[in-house]
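Undergrad: In case you want the letters, here they are:
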Amino acid sequence: MSLQERLRERDRRVADLGWYEERLELKERDPIGFELLYSKMVQLVTSAHEVARRVSASPMSRELGEIIFGLYTPEGDAVALSRGLLIHVHTMSRMIKWMIEHGYEDDPGFAEGDHYFNNDPYIGGAHCPDQMIVTPIWWEGELVGWAGGLTHTPETGGSEPGGFIPFARSRFDEGLFLPCVKVAEHDMIKRDLEVLVERGIRSPIFWLTDNRAKITGSQMIREEVKGLIRQFGVDYFAKACREYIEDTRLAAEQRIRKVLPPGTYREVGWRGSVMPGDETLLHGPVAMTVTREGRLSFDYEGMSPAGRHPFQGTLPTIEGLVMNVAIQHLFYDLKHNEGVLLAVDLNVPEGSAGNPPSIFYPTALWGIAYGAGLASGQAISRAYYAKGYREEVHATSALSSAYTAGGLDQYGRPFGAHNFEFAAAGLFATAVMDGLDTAGVEFNPEGEMGDAEIWEQMLPPLYLSREIHIDGGGYGKYRGGNGVMSLYLVSGTNDIEIGGFGAAPIYSAPGLMGGYPASALYMWVGSRTNIHRLIDEGRPIPSGEGEDPANPDFVRMVEARWELIPGANRPARPAREGDLFTAMTGDGGGFGDPIERDPDLVRRDLENRVTTHWTTRHVYCVAIDPETLEVDAEETERLRRARRDERWRDGVPAQQYKARERERVLSGDFAKPTARMFHAVLGSSEAFRRAFLEFWGLPETWEMADPDREAEEVA
Amino acid sequence: MTDAPGRKPTLCYIDVGGTFTDAFVVDAEGDYVTGKVPSTPGDLANGFYGAIEAACAKWGMEVDAVLPSLQVLGYGSTVVLNAILTRSGRTPGLLTTKGFEGILLMERGKQTWVDLDRAARLHPMTHRHNRPIVPRSLVHGVTGRIDSLGREVVPLYEDEVRSGAEALLDAGVDAVVVCFLWSFLNPLHELRAAEIIAEVARARGREVRVVASVDVSPVIRELPRMNAAILEAYTGDVARGAFSDMQARLEERGFGGELQIMQSTGGLAPAAHVKAVETVQSGPAGGVIGGRYIGEIYGFDNLITTDVGGTSFDVGLVSGGFVNVNREPTVARMLLGIPMIEILSIGTGGGTIARIDTLTRRLEIGPQSAGSEPGPVCYGRGGTEPTVTDADLVLGYLDPGYFIGGRITLDLEAARRAISERIAEPLDMSVEEAAEGIRTIADAKMRDAISGLISTRGFDLSDYYLLAFGGAGPSHVAGYTQGLKLAGTMVFPFSAAFSAFGAAAADYEHHYTRAVNVIVPPEASDEVKVELGAQITRVWEELREHGMAQMEREGFNRAAVQFRPLAMVRYGRQLNDLIVGSPVERLATPADWDRLIETFEQLYERIYAIAAKYPQGGYEILEVGMVTYTEKIRPKLRAEVMGPAEPSNDALKAPRRAWFGGDWRDVRVFEMTRLRPGNELSGPVIVEDATTTLVVPPTRRIRLDEYRTIWMEEER
Amino acid sequence: MTEYADELIRDLLRDGLSSEEIEGLQRHEKDADRFAQVLRLEQERLRWRERILLCLQEHLYIVDKGDGSKVVRCDCGQEFGDYRRNWKESALVYERAGADALAVYRGPRVADPDWSILREFYCPGCATQLDVEVVPRGYPFIFNVEPDFEAFEGGEQ
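Chains as they are written, first to last, in numbering that gives the first Met the number 0: chain W, 0 to 714; chain H, 0 to 715; chain F, 0 to 156.
Chain W extracted, bound-state conformation (with noise of 0.2 Å):
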C-alpha cells in the first residue's frame, strides 16, 4: 500500500470509527515492555535535542532551546516529543503528510538519507523563521517512520531583519521560503542550496548551522530507531507506535472528564493590525465545550477575518497555540503526541484570521492566533475553578515584544537578527500565587532570556540596564509576573539599523476573576543623543525606566530626539552609535480584586524594588512606612474601604450602563481601529451579528456604517 493509500486509510479511520488503534494489545500483554520502548523513544529525540543544540550558531536553539525534536508514523502522525518549542507539537506532522498527499514518495521521492526542510507556515509551522528538517526511516526496504527537527531562526532574508516584520503586507515581504525542499542526500547536505542561503538572507550562518544541528539530530533518531527495532522487531515497533498514539487519545479524554466540568467556557483575546492607514483591532473569540463524554472542543466562530496584515496565523499555528496550551495546562504529564490532537475539536472559520484564504497572507507576527490561543487557556483556567481544582488557575502570560536589528555587526560582519530575551516574559498569576517574573512564554513552557554577553556577542547593541518592568504584571490579589525592561546603547557600529515588533496599543495579558490585564507594549527610540557628552564629563547616565514610567529616567537624564511607539511595533530605520532605544518582553495578566492583596507581598515586592509606593497606595490601598516598610493595618483598611465607596459611588448599574452605550452604537461613535473591527466581524459572522443585535436590543435591520467608506464620502 502507497504512503498515500495508508494516510487516506487513517483519515477514514479516525473520521468514522474516532479511534486511531482499535485495540491496545501490546499495553495489555507486556506492559513493562510498552512502556520501556517508549521512555526509549522520548530519551532518544531528548537526546537529539541536546546534541542538536551544541551544533547550532544560533543563540535561540543553543541557549534558549528554541528546537524540538519528534518521532513519527509513516504517515506523518507523531508518537514521541523532545522538550523544547511545544507549540510545534504537529506542525511536522502537517510537512509530511502535505509531501505525502502532493505524491512526492514518487517524485522526488523519499530515500534513505534524504532530508527535506519546510519554513511555510501554510504547509506547517506559524511564520517563516519556523524551519524544519524531517527524514525518512527505512527498514528492510520499508518506510516505518519519520524523524524531524524544527529550530527557530533569528532572519529570514525579509524586508526587514530578523524574521518578525511587523509591517509585511504579504508572504513576499516575509523572507525566504522554502516549502519542503530536499536540502540533503545520502545525508550530505547539497551545496547549491547553502549557496541560495549565504545569498539570499542577512545572517546566513544561523539558517545553515540550524540545518546541520537538525540534520544531526534527525540522523541520531533514524539510526537509534533501527537499534530499536532490532531489540523489539518491526512489528511490534510499528504496532507500538500506533498503540501510543491511541494510549494517549484515551487518557487525554479521560483527563478531560476528570479535571473539566462539563459546560461552556468563553474569552476573547485580541489583537491589532497597526498598518498606517489601516489600523484595525482584532478580534479572537472562543468558545470553550467539554460534553459530559469527555470531548472537549475550541470554536473560534467570530474571529476576524484575514487582512493585509502579519498579525495573523496559519491554521497549523492556531492548532498549535491550542495543543501547547493544552499539554502544558491538562495534558502535562501524558505521551506527547498526535493522541493530543485526536481528543480534541477545533473550529476556525474559513477565510479568517487564524485560517486565511490563501498563502500569499502574511503570519510573521501571528497576531489573533496567538491572542485567540492564550484566551483558550483562560477558558481551561474557568473550567479548573470551577471544578475545585484552584492550583491550576491561571491568568493570561504576556504577549511578548523585541526589538530587531540588521547591518554589520562590531565585528564587521553583515548580520540580521532579533534578540530574543523574550522568551522569558511575565508569566501569569495563579488563583493561588503571583506570576513568576522574566520566567517564561506561552509557546515555550522552558522560558530562558540568555545571558547579556551571548546577545551582545551576536548584536551589536550594549546593554544599559535588563532589568525587571516595576508592576509591569497585571494588578490583583495574586498579580502576574513582570517582564524584562531593557535599555540598550547603540555602539560598535554606524551600518545598524533599529526596529521593534509587538502589539497594537492594547493591554496584552487579560487578567481574571477581578484582575488587571498587563501594561501594554511600548518602545522607546531616542536618536542625536548627547550620552556620550555625559560619559566623557563622568555625569550619572540612565539605566532604566525608573519609577515613574510617564517621566522614565533615560529620558529625564539624556537629550535627545526621544519617539515613543505605543505597541512596540517600529519599523527598522537607521541608527548612530550613542542612540539609546528600550525593548520589553511583557508581563504577565493579574488574578482577583487588588484590594484584597496580602500587604505583606506588598511588602515582599517593595523590598525587591519590583513595585512602587504610588503603586502600593493608589492600587493596592496598602498603607506602609517608606522607610521601615512597616504595614499601617488600620489605615490600610481604610484605605481599602474607601476604595470600596469609591466603586459604589462610580460603579453604574448594569442595565443603565447598557442603555447609555446602546446610543454610542446606534450612532456608531467608534474610533477607527474599533470601528473597523465591528464592521468586519459583523459582515463575517452571523452568529456573532446576531448576539450583537440581541445584546443591545438591535432591530434585524440595523446595518453597521463601513468606517473607510464613510471617511471617503466625507473627503
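Among the clues, some could well be false.
With a straight-line cut-off of 27 Å between C-alpha atoms, the simulated DSSO-like cross-links for lysine-lysine are [what the hints assert, rightly or not]:
1) F:K29 x W:K257
2) H:K7 x H:K635
3) W:K39 x H:K484
4) W:K26 x F:K29
5) W:K26 x H:K484
6) H:K444 x F:K29
Distance ranges between label pairs, derived from CB positions [as the list claims (entries may be wrong)]:
7) H:G346 x W:Q230: 28 to 36 Å
8) W:Q230 x H:Q601: 27 to 35 Å
9) H:G617 x W:H612: 51 to 59 Å
10) F:A102 x W:D631: 19 to 27 Å
Calculated from the model, a selection of chain H residues having no Cβ within reach of chain W, i.e. all distances over 10 Å [to be verified]:
11) G49
12) D173
13) E250
14) E257
15) E295
16) D462
17) R585
18) I596
19) S647
20) R675
21) P697
For the record, the hints were derived by calculation from the structure and aren't laboratory data. Ideal placement from N, C-alpha and C gives every residue a C-beta, glycine not left out.
Fit chains H and F to the known structure of chain W by using the hints.
TA: What follows is chains H and F alone, placed relative to chain W:
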C-alpha cells in the same frame, strides 16, 4: 594483605560522605587497606581518625604510627556542598554592572525550572524562583561598560563603587562579590573595583574579602560566572575554617604534610590553595577518577561509574578514555560557571527514606534521607522512618551482626516494625512485599538515571562497562542493571571505599583557562596561522608559568610538573566549543595549527555527524586552557593466578534465609575476602565482607577475575 | 474517603498554603473527588441554607434556591439572578479609560482607548471587583461560564 614488618603507609585518602567516612591507605609498595565508619557530622575529625584506624588495624598499625609516615593525605569533602544545600554560608554583598541589579531575581528564567522532570518542566504552574543567596538590598549597581571585544565603552564610575562599598559595609557584610559584564575578556573594571572596596574597608579599619568573578570563573555568560563568585564568597570561610582546623588536628597527631583536597574536576590540591567553589563535587569526583584508572588497567575506554552511598546515587561517565567534564553544571538550581566532572546525582541511597505520600497515598522513595544521624531505623539511633537499608535487612540480604564489620548491630525487629506500620499496613500488603516494593522503586530510579545519562549524550550502552560501588552498590547492582544491555558489570572487593581508591589514584592537578579572541577565517593563509598560533602559544606559556609557580608554592619540584595544553575550538560563530587536548605543545608552524584543527574535527565528527561540520564558517577559539599535574604513587591491583571455579570451603559461611522471587529461601553466603580468582557462583547467593554485601538474584551469576574483580552476568 | 485532608483543601481555598504545598498539589495526579470536597467545605464555611452547586469564580457561586431555580450569588449574599443569564447584567459597571485609566496605569502602560478599554464589574452588595474585561467600546458583555448541569448529573460528578 597481612602485616609486613616495616610496612610504610605513604598515601591515605579519606572520603567523608553523608553517611559513612571511608579511608583508603596505600603503602610504598602500592598495597592497600580500607576502613569504613559512620560519619560524624558534629565533628568531622572523629570519623576521619576512625576510618584510618579501621583501615590500618588490618595492618596492625595505630593512627599515630601511620600519620607521620604519610606523604599524601587526601580529603574528599562535602563541607562546601552542605553549606550551599543547608544555606549556612556567610552572605556577601554584590557590586554588578549598573542596570543589572535584578539579575539574581530574574535568574535568566531558566533557574525556575532547570532541575525539574519532564512533566513538571512542561507544566509551568510548578515552576518557582529560588530565594537569592544575595538579597536585592545587598546588590548595588556601578556604571561602566566593556563591550564584546573587550573595549571600554563607558569608564568605571569609581565614586559609585565607593558609595556601593560604603553601603554594603554599613549593612555589615564581610565579603563583597564584584561581577561586571565581559570582565573575563577585560578584567580592568572588576580588578579596579576590588581595589577600591579594599581601600574603603581599610579606611574603616575593616577587613573584607573581595571576590572578583574573573578570579573564580573567567568564562563567558554573566549569570553562571556571578553565581560561581557568589558561592565562593558564600562558602569560602566555611571551607577554609574546616580545612585548616583539620590540618591542625592532623599535625597534632604527627602528620607532617599538607592536607590535599579533591576538586570537582578530579585533581588534588593543597587545602591552603584550593578554591571553595571548586570542591562542590569533591567526594563523587573520586569515583569517576577511579573508574578511569580501572579502565587504564583493563584497557576499557568507556565506563559508567555507579556509586550507591547512604544519601545519593551518583552516575559518572568515562568516554573514549576521557572523563566527561560539564562546563555548565547546575548546583542547587544555580547555573555555575565552574567545570566539574559530569556526575548525575539522584537522591536515592541506602539511607533514603521510604514513605507513603500524604497527598496521593502512593509509596515514594526519597529524596529525603536519614543520613547517618539518626540513620536508618535498624541503626537504633532514633531513626523512625524506614529506609532502603531497612528493606535490605528485612529481606535477609544484610547480616544484622556483620554490618560495617559488626561496628553497628542492626535491629531487625525495629526495621520490620517500621516497614510494617508505615508502609505495609497502609498499603495492605505483607512486610516482605512492602520491603520488596521499596527496593524495586529505588532500583528503577537508579536504572533510569543511567540510561538517561547515556542516551542524552547520544552514546550506546553496549559500549560501556558498568562499575558498581559504594556501600550499598553491590546489594542493588543486580536490580539497577536489570534489562540494561551493557558490555559488562564489575563489582570490587574494596567497593565501599572505591571513591577513596579512585581519589588515591588521582594526580595533583590544577586547571587554568584564559579568554582569548582568535577568529580563523576559512582557508586561512599560513601567515595567519602562524600569527594566531603565536598568540595562543603565548597564552599557553603564561598559563604554564602560572601553573608551575603554583606547583612550586605547593612544594613540587619543577622537573616533576607536567602539562596538558587545551584549546576550546568551535566552527565560526558556533556557540558551543569542544575541549581539544592539543597534540602539540606550541603552535609554531602552519603544520602545528593544522594538527590542532584536525584533532578538533575528528573529535567533532565522533560526537556529532559528518554533515554537522562547517569548515566554510572558519574556526574560533575564545578560550584556551592548561592542565598542570604531577603524578604520585597509585594503589596497585595485583594479578593472581586463576584458581578453580568452586570456592574453597573456608569462604562459605552459614546460610541465611533471604527473600527471592516472592518467597523465603535458604541462601548460600560467602565471605568476599576469601573468594579467589577463578571462583564462580550462581544466584541466588549473597557475598559479603565487612563493609559491603553483594546480592546475586536467581537470574544472575558471578565470577572473579585475576584482580578479584567480580563480574556479574546473566544466568545462562 | 477524600484523597486530601480537609485542612489542606480548606487552606487552599483560604490562600493558606505554602509554595511547597501548592507545588505538591500541582505535581501530583489530580484527586478525583475534589469537586464534592470543595463544595462541602464552602457550604460549611458560608453556612447557607441553599445548596451550593458550583463555585463559579472568586466570590461567586451558583446555588439551588430549593424552588427549582439556580441563581448566582456572591459570598456577601448579593444575588445576580438565574445562572443561565450573564451575572454581569446585574452588576455595577465602570468603564476605565483615559484619565481614569491613568489612575492605575502610568505613562505608556495605558492602552489607547481607540483600541481597548477596561470594563470593571463590581458586586452591588460588597463592591468587590469581580471581573475586569479588556474590550473595545461597544462590545457586548462576555458571558464566561455556562455550566451544563444536566451533563453533570449524567457525568462522573
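Undergrad: Which constraints among the numbered hints does this structure fail? Numbers only, ascending.
TA: none
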